[in-house]
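There are 2 protein chains.
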Amino acid sequence: MQTPPENAQHNPWSKSSTHNASVDEYPTEDLEGAEAFELLGDGSLHASAHLSKRPAYGEGSSIDWLWEEGSERLQQRNLHLQRGWRGMVAPILNFAKIWTVLVLTGVGIGTIGAWLDVLVRWLGDLREGRCTYGLFYNQVTCCSGLDAGEVCTEWQSWSQYFHVSFILGQSLLQSSIYIALAVAFAGSAALFVRTYAPYAFHTGIPEIKAILSGYVFDAFLSPWTLLIKAVGLALAVASGLSLGKEGPLVHVSCCAAYLLLRLFRFRHSEVQKRKFLAAAASAGVSVAFGSPLGGVLFALEELDITSFSNESEVMWRGFVTSVIAAVTLQYIDPFGTSKLVLFQVTGVADTWKAFELVPWLILAALGGVLGSLLIRLNAAAAVFRRNSFIHEWPVLEVVAFSAITAAISYLVVFLRVQSSDLVSNLFLECDPSKGDYHGLCNPTAAWENMFLLVITAGIKLLLTAWTFGMQIPAGIFLPTIAIGACLGRAIGLFTELLQRSYPTAWVFSACPPDPTVRCVSPGFYAVIGASAMLGGVTRMTVSLVVIVFELTGALSHVLPIMISVMVSKWVGDGLGKEGIYTVWIAMRQYPWLPPDEFRDNGQTAEQVVKPVHNLVIIRDEEEPTMKELTGFLDKHSFHGYPVVRGERLLGYVNRDELVAYLGSLVAEDGQRKCTFSKDVAAVDNTFLNLSSLLDEAVLQMRKEVPLQLVVNMFQKMNLRHVLFSQGGKLTGLVTKSDIVWLLTTHFPHTAALSERR
Amino acid sequence: MQTPPENAQHNPWSKSSTHNASVDEYPTEDLEGAEAFELLGDGSLHASAHLSKRPAYGEGSSIDWLWEEGSERLQQRNLHLQRGWRGMVAPILNFAKIWTVLVLTGVGIGTIGAWLDVLVRWLGDLREGRCTYGLFYNQVTCCSGLDAGEVCTEWQSWSQYFHVSFILGQSLLQSSIYIALAVAFAGSAALFVRTYAPYAFHTGIPEIKAILSGYVFDAFLSPWTLLIKAVGLALAVASGLSLGKEGPLVHVSCCAAYLLLRLFRFRHSEVQKRKFLAAAASAGVSVAFGSPLGGVLFALEELDITSFSNESEVMWRGFVTSVIAAVTLQYIDPFGTSKLVLFQVTGVADTWKAFELVPWLILAALGGVLGSLLIRLNAAAAVFRRNSFIHEWPVLEVVAFSAITAAISYLVVFLRVQSSDLVSNLFLECDPSKGDYHGLCNPTAAWENMFLLVITAGIKLLLTAWTFGMQIPAGIFLPTIAIGACLGRAIGLFTELLQRSYPTAWVFSACPPDPTVRCVSPGFYAVIGASAMLGGVTRMTVSLVVIVFELTGALSHVLPIMISVMVSKWVGDGLGKEGIYTVWIAMRQYPWLPPDEFRDNGQTAEQVVKPVHNLVIIRDEEEPTMKELTGFLDKHSFHGYPVVRGERLLGYVNRDELVAYLGSLVAEDGQRKCTFSKDVAAVDNTFLNLSSLLDEAVLQMRKEVPLQLVVNMFQKMNLRHVLFSQGGKLTGLVTKSDIVWLLTTHFPHTAALSERR
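So the sequence lines, in the order shown, correspond to chains A and B. Residue numbering for the first sequence follows full-length UniProt numbering, starting at 1 and increasing by one per position. Residue numbering for the second sequence follows full-length UniProt numbering, starting at 1 and increasing by one per position.
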């Protein structure tokens, strides 16, 4: 049992100055307040004391869920309480506004997704050649409209375009343009991120998880971030680096939703905002994988939206937004397939045989092991980058690494194409009528293919471990799928080879006796491998299975997919309980509580409570002047402070609120004495009455409470702190950061990337 | 703001004697304790004080979630802590046991579902005729193996079988056998329920919801209930009463899971049990609708499994069990269609037109209104039944009402078949190649059909309102779908008629100009109508949409389904916020907290706190003897009592535990004094030390806490009671029943069917 460090009360998320200077800060408090009052109207009489003042949140703080949810309910009620026709119309208008934003979010995300697909496809093809009748056509569009059998002459490789005829020159030109463009794409993406939107790098899912659980980080959702992340993502994917667009698309969706919220003036509620963000995140997953149900389940399982007090409403909004986004994508239909299913699995044998469980279980275990390995390598790479000179040269790092990636990729045939093409080809069953992808279906080359696939998987794993964490938008889903698909296909080929070599062996007795009839479907093994690998990396369960079967349409084979995800998660959990997002959250030390069960081994809250003699406390009986109080606040930059008067605990005051309140007044009359006690203020009105700022700490616990109960309360009630008292006397304090520390301190590299280092 | 009645501390769920005398009671406490100790093994040293003793739960009480979850974690840890190879093997064995039970549950539920389908089909067909070569074949099996166009002579109607040739005789014979068998089926179902398993009636979902939230009601899950509910359900459905098998199947699933749990000796944890029940309930929905994802979402949305501290594990178990159950059903394939989709929608126009939104919105609003009407009629019928002489004659009521239903059904052609057949025919588009269902596709009879459909819907609504609540197993899903489908089809026919009559009107300009091409798909209108009606009755959202599209396979049209569910829910909520299950829970007054947001209008806990002078308290300073204490317990049969010593609050003691503890000791030495104070017991060991029974009430609140926070804590933390104190002095008490009362008191007919009346 570690005890939190002495300075755990200190706000570990106070951002550096660059962060606070961000141009697109939350609007000023005054404006907010005015709007809120206008909305409250004549119903404001009903506002109880604890709802009187909107708390001030600095970037990096956590919201006060109880206050926010209370205020939202109050606003709702006041809408209904207005007199006359306004009482009828206002709720309907508010309602219409909410749903307009949701529908627009869905349509917007679907459009962005489609647009990104087109952009990526074009940029990717540009590395190999161009369309003769227009630079802005990709290969498929350029060659469309041809009859069957006709050769496409409109699309020319760069060597054709520059009329280079000798073989060596062709190879050199092609490879150098390929590498040069890859470097240019990746470099410009990194430069954009570095210059305009420092938060647009990486996947974004860890931050979204933290934000949804109450973290305040508005700069992460700014319009600039939206633009740069979307453009940078297209460039990064097209550069051929080992990354995917799925995770970042969730971030882009949330930025888009936040922009809409601001356009529609939904600024007054932090909880409301988070409900919209949850819906947008579902829609992001829905568009990324063509999987509306997967999106909803992702929000439920991975983003843990159950912390909202009305989760079925949140779930419903997420569902509607996801479906609208998916329908929009299908309607725009960027590739003219009019299908949502990205990697259609076809030609799979209708039934699977019992002996196939053996290779599948091996694959599943392998997925768990390699998933854990990827997580560890990735975390180690991130920590190494942070502590070495590379940290100072992020753009150079991206340029150099994209050059390396491009050079390696050009050599290994399966890596040369985009990962999504690789995956869809690996998922395809061999069909003589349809042509052969790089000789993958050539039965005489089975051993060579297996070797090549394993090499590809290995290289991809190493590349991904470094790439995920560089200063460019990067998702980990697609590379993981690609690694798993390579391994799965390899094992599938091996099984097929075995079965064809020994068709009469008793294990294969379930196969049809005719050796020309296919019994083993290596393409489906690739699906199993991909699921297993994803299970090992993300540790998702239900949402992962749903995403995989919506991604592939392999509904009939959901049972083996389920088994592989389950086994790979077990194996992975044996090697370290945390999925990759959890590890990143812990490394960046966001105030996010893992929703898992906590076992307290019989300890009590005593273990985490910071005893009263270690706390910085405001002593009301000393009757500080405003100036003294401001000095005190400057000296101790904690989240907040317990307030006591003599022995008696008065409550807890939030630093941001106190600073905001005193800010304007201290210049006028700095020598005026302050008090937090209502009794004192009532008797003597020379005191400045601060009691309205006081959170009266109505929820107090005794130190004998089991630790698990404390953790559970923080997890489920979204608390920021709990005061411990006995007989009215303050005995200690536990803040959310103490609990976060308690739950994450055993992770490898916890706080290694935290900004406060 | 109502205040709870004076006797709200009283246990309102203490069952009548018949209940306690139930044969299949939970095994005795002693056995339980022994098993628990054996399991704990050498790890029991680690057990903290608050885990020392298993609480005793009487039927009708609520479990102590905190204790149960703590004990489960302790057991888990102790499994790992065992020495040597046992420490390796025990967790794996435990794990294997859990998953064996889950897999068996899934397979079992799939099998039961398939078996019920076959039984219902056969019994239903028996009402019209029999197979010449064997009584135990249904019509389809009897006539299978015929060539196309061949007439089935093996299946004979009763008049053919008895060689009645004249028309009047035929009609009389057919109708009287039809009615007689219907009455016989329904009557025997009621008799079974009445005689062997009084809890096997009704749908069971309200009780499952209450049990999952912590209510103790083991008799409801007994093997007898399983058998009687399954057989009775088949008889009831076959009798042609207006009821469905979906809800009861969820109950049957839970009974089956409970049986397996007992066979595998999983008796020691109430939370563990509830996790299995949640998985079984998902699987029940999965089998009932052929909708594995719908099952999981149903558990999430309707059964509110988020109250478990590890909900993603619960969700995953539910998902696996659902899929296994669905796969089993598909494998057994009772009807030889090898499809999970029950009501396949085919031939729907690929795209829908904007003008169709108008009829769909009308349908959706109608669904909301009629859904609310059905809820109200049903509740009124239940209350009327309870307060009239009918309550004394449940079997007679069923017999009489099934005769009425059969007579009416025989007259109205659409009601004569089983509801599921009606629905699947209403969902089908007209296809000239496939024959016509009772002239539904005859364009010249459109007005007649509309009239007949509306009449059918009306009759069905009235029949259902009475049927749902009689002493037979009965679900409300299918009748609701049937009502909605009738209305939808009627409006679809009307729209089609309109479009065909005015093909050139501007509203219909989206339709192809050729009038022979179908533009409006009335079958899909029936789907919309069914969704809307279900939305109005159950007030489900995501799970309902998923169930409908898994039920019909109409994935392409999910957007209109979604809109109709949404609108019908809004309209319904305007007429009363509660779905039918919530109303029944409130009427039976189960201790179940609606998970909805609660708005406190600025009140504080003061509103619900029972002040200390109204409480029955054990005063430790009076040093009662065991005999006095037993007398006290006999006199005040509350759930539990706060214990104070002088001014100081010691804690809370549960009545059942105290009774169980004192039970054996009081006979030996009734005059021995007791104390709950550790200090006293330590000094003077003539006292019987009861401090281990004390819940030390570590969580105390002040009365100034906002009411919403108290409600929220009860909802999310699964508390049974909260003590209020100020400065160490007891100021009051709030129990779960106070909060349930607060949240449900405004419902119509709250507690109207409660057993304590």
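Possibly wrong hints are sitting among the right ones.
Computed Cβ-Cβ distance ranges for the label pairs, DEER-style [as the list claims (entries may be wrong)]:
(1) A:Tyr331 - B:Gly458: 48 to 56 Å
(2) B:Ala184 - A:His80: 48 to 56 Å
(3) B:Lys673 - A:His80: 27 to 35 Å
(4) B:Val140 - A:Val412: 40 to 48 Å
(5) B:Phe136 - A:Val507: 36 to 44 Å
In short, the hints are calculated from the structure, not lab data. Please read these numbers as outputs of a predicted model, since none were measured by experiment. From the three backbone atoms N, C-alpha and C, an ideal C-beta is built for every residue, glycine too.
Verdict for phenylalanine 136 (chain B), valine 507 (chain A) (Cβ pair) under range 36 to 44 Å: holds (40 Å)
Valine 412 (chain A) and valine 140 (chain B) - C-beta distance against the hinted 40 to 48 Å: violated (58 Å)
When you take the CB atoms of lysine 673 (chain B) and histidine 80 (chain A), is the distance between them in 27 to 35 Å? Given about 59 Å between the Cβ atoms, the range is violated.
Supplied distance hint 48 to 56 Å, evaluated on CB atoms of tyrosine 331 (chain A) and glycine 458 (chain B): violated (39 Å)
Assessment of proposed distance window 48 to 56 Å (beta carbons of alanine 184 (chain B), histidine 80 (chain A)): holds (54 Å)
Of the numbered hints given earlier, the model fails hints 1, 3, 4; all others are met.
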